[in-house]
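Colleague: Protein chains in written order, with my numbering: chain Z, 6 to 347; chain S, 700 to 778.
The set of hints was computed from the structure by calculation and includes no laboratory data. Please note that a few of the clues may not be correct.
Claimed, not checked - Which residues of chain S face chain Z? A partial, calculated answer using Cβ under 7 Å:
| id | residue |
| --- | --- |
| 1 | Ser720 |
| 2 | Asn727 |
| 3 | Val735 |
| 4 | Ile738 |
| 5 | Met742 |
| 6 | Val746 |
Said to hold, decoys possible - Pairs of lysine-lysine, DSS-like flavour, derived with a Cα cap of 27 Å:
| id | chain 1 | residue 1 | chain 2 | residue 2 |
| --- | --- | --- | --- | --- |
| 7 | Z | Lys316 | S | Lys713 |
| 8 | S | Lys740 | Z | Lys86 |
| 9 | Z | Lys63 | Z | Lys226 |
| 10 | Z | Lys207 | S | Lys766 |
| 11 | Z | Lys226 | S | Lys757 |
| 12 | Z | Lys315 | S | Lys734 |
| 13 | S | Lys757 | Z | Lys94 |
| 14 | S | Lys771 | Z | Lys221 |
| 15 | Z | Lys194 | Z | Lys316 |
| 16 | S | Lys713 | S | Lys740 |
| 17 | S | Lys757 | Z | Lys86 |
| 18 | Z | Lys12 | Z | Lys319 |
| 19 | S | Lys740 | Z | Lys316 |
| 20 | S | Lys734 | Z | Lys194 |
| 21 | Z | Lys183 | Z | Lys12 |
| 22 | Z | Lys316 | S | Lys766 |
| 23 | Z | Lys194 | S | Lys740 |
| 24 | S | Lys721 | S | Lys771 |
| 25 | S | Lys771 | Z | Lys315 |
| 26 | S | Lys717 | S | Lys771 |
| 27 | Z | Lys207 | S | Lys771 |
| 28 | S | Lys717 | Z | Lys221 |
| 29 | Z | Lys207 | Z | Lys221 |
| 30 | Z | Lys226 | Z | Lys89 |
| 31 | S | Lys721 | Z | Lys316 |
| 32 | S | Lys771 | Z | Lys89 |
| 33 | Z | Lys289 | Z | Lys315 |
| 34 | S | Lys766 | Z | Lys226 |
| 35 | Z | Lys221 | S | Lys740 |
| 36 | Z | Lys63 | S | Lys766 |
| 37 | S | Lys721 | Z | Lys194 |
| 38 | S | Lys740 | Z | Lys12 |
| 39 | Z | Lys289 | Z | Lys89 |
| 40 | Z | Lys316 | Z | Lys12 |
From the three backbone atoms N, C-alpha and C, an ideal C-beta is built for every residue, glycine too.
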Amino acid sequence: MSRIKNKIVLVLILIPVWILVYKYLQEISEFIVFRIFQLTPEKHLTETLRFFIFEVPKVLMLLVLIIFVVGIIRTYFSPEKTRKALEGKPLFVGNVVASLLGIVTPFCSCSAIPLFLGFVEAGIPLGVTFSFLIAAPMINEVALVLLIGLFGWKVALIYVLTGLSIAIMAGFILEKLKLTRYVADWVYKTHAKQSLEEEQAKTLNQRISAGGEVVKEIVGKIWIYILIGIAVGAGAHGFVPDEYLAGALGSQNWYSVPLAILVGIPLYSNAAGIIPIVSVLIEKGVTLGTALAFMMSVIGLSLPEIIILKKVLKWQLIGVFIGVVAIGIIIVGLIFNYIVFI
Amino acid sequence: MEIKVLGSGCARCKALEKLTSKAVEELNLDATVEKVEDIQKIMEYAVMRTPALVIDEKVVLSGQVPKINDLKELLTNNL
Numbered sequence: 006m007s008r009i010k011n012k013i014v015l016v017l018i019l020i021p022v023w024i025l026v027y028k029y030l031q032e033i034s035e036f037i038v039f040r041i042f043q044l045t046p047e048k049h050l051t052e053t054l055r056f057f058i059f060e061v062p063k064v065l066m067l068l069v070l071i072i073f074v075v076g077i078i079r080t081y082f083s084p085e086k087t088r089k090a091l092e093g094k095p096l097f098v099g100n101v102v103a104s105l106l107g108i109v110t111p112f113c114s115c116s117a118i119p120l121f122l123g124f125v126e127a128g129i130p131l132g133v134t135f136s137f138l139i140a141a142p143m144i145n146e147v148a149l150v151l152l153i154g155l156f157g158w159k160v161a162l163i164y165v166l167t168g169l170s171i172a173i174m175a176g177f178i179l180e181k182l183k184l185t186r187y188v189a190d191w192v193y194k195t196h197a198k199q200s201l202e203e204e205q206a207k208t209l210n211q212r213i214s215a216g217g218e219v220v221k222e223i224v225g226k227i228w229i230y231i232l233i234g235i236a237v238g239a240g241a242h243g244f245v246p247d248e249y250l251a252g253a254l255g256s257q258n259w260y261s262v263p264l265a266i267l268v269g270i271p272l273y274s275n276a277a278g279i280i281p282i283v284s285v286l287i288e289k290g291v292t293l294g295t296a297l298a299f300m301m302s303v304i305g306l307s308l309p310e311i312i313i314l315k316k317v318l319k320w321q322l323i324g325v326f327i328g329v330v331a332i333g334i335i336i337v338g339l340i341f342n343y344i345v346f347i
Numbered sequence: 700m701e702i703k704v705l706g707s708g709c710a711r712c713k714a715l716e717k718l719t720s721k722a723v724e725e726l727n728l729d730a731t732v733e734k735v736e737d738i739q740k741i742m743e744y745a746v747m748r749t750p751a752l753v754i755d756e757k758v759v760l761s762g763q764v765p766k767i768n769d770l771k772e773l774l775t776n777n778l
């Protein structure tokens, strides 16, 4: 019993400490760079180092906090519950709910197939299933953290809202296209022999441990990508002149958005590696819409996931799927490039 | 007792298989550990998250790799 209390108390103690350190991070990083390392301001190397020393702890701290919170929220959701919530929902409403649940339901692309089959078996329309499968990887907590950390909450919100719209609309359109015949034939022949028992309700203490576990697992896996991403970003921040990329990818070149998507699909990176780099792209003159499009195609449309989906979908359907999502991303990119210029 | 680890070859699935074998060995259980990789067979158990653990045809765990002590408890409870 005493251990149970300890965990909640521990969290309550750590939160103010977190807030305090985060609030004074700028001062701490400047103290390290100017006082301890004695570097002169305004030099390339100083700027690079200052950027790195400030951004790395900032992003890691945000990461720990948000993954922890999301980890706890996710203990209230499961694919099984999501499936139940989606059963019998009419089209469009189904797409909206599926996309929203895609954000909070625990999901790993390695489980995409059992999840897809589970949804199909429950009679959930293909388009609704797709809404879930688009939203789940695209809008994830790591992307959210990095967007808040490096661009501020407005861009993060834009990313979430546009990502949701793409998931909803793409799923809706895919359903309207009546593509069921392009699902691998065996999919409709599998039948579960048993149904899964309801999970036991968890205690708050268990939820906190679950949150802690997720932090350990995810941060343990991605910290190195973040470090590399921010190091590349820091290098460019200090040494590449501003507006350097404005010519090819920045101006109102209409082809910059589709080009960014084409480059982004085969690139497989998690949000952790790509977003710090994207933040520098923007700083050096790439417009927000193009950068958003690039980010979405890297995170949302990835080759490994497509290869996994190939097991259950015929190539025609995969083609249409990529096409619809890519068009959605292009529209988002163009809209934002346009807004930025008016 | 008949233990099956359901999973289509992802890293976590392999981790669960290893852990299960280790737990069985340490507990000295008379059990077979089998890895099921065929997705159609996996779906017969109605799991939506891999890896999953099946003891005597009953799904006891899905979507996570537990700590070894929790796994041992799970195994002894399902004897």
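Colleague: Are the hints correct? Go through all of them and say.
Modeller: The hints, checked one at a time:
no. : hint                  : in the structure
1   : Ser720                : violated (21 Å)
2   : Asn727                : violated (28 Å)
3   : Val735                : violated (12 Å)
4   : Ile738                : holds (6 Å)
5   : Met742                : holds (5 Å)
6   : Val746                : holds (6 Å)
7   : Lys316(Z) x Lys713(S) : holds (20 Å)
8   : Lys740(S) x Lys86(Z)  : holds (22 Å)
9   : Lys63(Z) x Lys226(Z)  : holds (18 Å)
10  : Lys207(Z) x Lys766(S) : holds (17 Å)
11  : Lys226(Z) x Lys757(S) : violated (32 Å)
12  : Lys315(Z) x Lys734(S) : holds (23 Å)
13  : Lys757(S) x Lys94(Z)  : violated (30 Å)
14  : Lys771(S) x Lys221(Z) : holds (22 Å)
15  : Lys194(Z) x Lys316(Z) : holds (14 Å)
16  : Lys713(S) x Lys740(S) : holds (17 Å)
17  : Lys757(S) x Lys86(Z)  : holds (20 Å)
18  : Lys12(Z) x Lys319(Z)  : violated (49 Å)
19  : Lys740(S) x Lys316(Z) : holds (14 Å)
20  : Lys734(S) x Lys194(Z) : holds (23 Å)
21  : Lys183(Z) x Lys12(Z)  : violated (51 Å)
22  : Lys316(Z) x Lys766(S) : violated (31 Å)
23  : Lys194(Z) x Lys740(S) : holds (12 Å)
24  : Lys721(S) x Lys771(S) : holds (10 Å)
25  : Lys771(S) x Lys315(Z) : violated (37 Å)
26  : Lys717(S) x Lys771(S) : holds (13 Å)
27  : Lys207(Z) x Lys771(S) : holds (20 Å)
28  : Lys717(S) x Lys221(Z) : holds (20 Å)
29  : Lys207(Z) x Lys221(Z) : holds (20 Å)
30  : Lys226(Z) x Lys89(Z)  : violated (32 Å)
31  : Lys721(S) x Lys316(Z) : violated (32 Å)
32  : Lys771(S) x Lys89(Z)  : violated (31 Å)
33  : Lys289(Z) x Lys315(Z) : violated (38 Å)
34  : Lys766(S) x Lys226(Z) : holds (18 Å)
35  : Lys221(Z) x Lys740(S) : violated (32 Å)
36  : Lys63(Z) x Lys766(S)  : violated (31 Å)
37  : Lys721(S) x Lys194(Z) : violated (36 Å)
38  : Lys740(S) x Lys12(Z)  : violated (40 Å)
39  : Lys289(Z) x Lys89(Z)  : violated (47 Å)
40  : Lys316(Z) x Lys12(Z)  : violated (43 Å)
When each numbered hint is compared with the structure, violations occur for hints 1, 2, 3, 11, 13, 18, 21, 22, 25, 30, 31, 32, 33, 35, 36, 37, 38, 39, 40.
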